[in-house]
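*Asks:* Note that this note's numbering numbers the sequence shown so that position 22 is 283, with each residue one more than the last.
A hint or two may mislead.
[To be verified] The list that follows gives simulated cross-link-like pairs (lysine-lysine, DSS-like), each with its CA atoms no further than 30 Å apart:
1. K284 <-> K302
2. K264 <-> K302
3. K297 <-> K330
4. K276 <-> K330
5. K276 <-> K337
[As the list claims (entries may be wrong)] Computed Cβ-Cβ distance ranges for the label pairs, DEER-style:
6. E299 <-> N270: 37 to 47 Å
7. F294 <-> K264: 26 to 36 Å
8. K276 <-> H300: 19 to 29 Å
9. K297 <-> N267: 19 to 29 Å
Honestly, the hints are just simulated from the structure, not real lab data. Since this is a predicted model, take the numbers as computed values, not measurements. Ideal Cβ placement from N, Cα and C applies to all residues, glycine included.
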Amino acid sequence: MVKFQNYLNIFLATKLNLSLNYKIANIASGDVFINKQEHLKQFINKLNQKIDLVDMEACSLFHTAFYIKNQLVVLKLLVM
């Protein structure tokens with residue numbers, strides 16, 4: 262993970278011209294809207310990890326990568 266974080270630092274600083282003031286967060290992605298407490302219990306809490314963000318977009322990318330037997334890393338940029 263440290264090697265990936267170093268690569269990410271270089272990528273963000275040089276390729277995207279962004280400052281290094283960022284946070285690495287865990288994302289959970291799936292094909293269900295997480296809009297109820299019940300969904301949190303059913304899907305997110307079962308992961309036994311701290312989840313900072315939930316989306317649906319990355320799920321489709323992971324499904325495709327799995328289908329074509331390819332590895333994938335998803336970076337999601339949120340500007341706040």
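*Asks:* Does each hint fit the structure? Answer for all of them.
*Replies:* Evaluation of the provided hints:
1. Of the pairs offered as hints, the one joining K284 and K302 holds, with about 25 Å between alpha carbons and a cut-off of 30 Å not exceeded.
2. Our distance criterion of 30 Å between C-alpha atoms is broken by K264 and K302, whose separation comes to about 33 Å.
3. For a cut-off of 30 Å, the pair hint linking K297 to K330 is broken: about 33 Å separates their Cα positions.
4. With a CA separation close to 28 Å, the supplied pair K276 and K330 stays within the 30 Å bound.
5. Proximity of K276 to K337 is assessed by CA-CA distance (about 15 Å); at most 30 Å being required, the pair is judged to hold.
6. The beta-carbon spacing between E299 and N270, approximately 39 Å, falls within the hinted interval of 37 to 47 Å.
7. At about 35 Å, the beta-carbon gap between F294 and K264 stays in the expected band of 26 to 36 Å.
8. With their beta carbons about 36 Å apart, K276 and H300 fall outside the hinted range of 19 to 29 Å.
9. Here the CB-CB span from K297 to N267 is close to 39 Å, at odds with the stated 19 to 29 Å.
The structure fails hints 2, 3, 8 and 9 (numbered hints given earlier, in ascending order).
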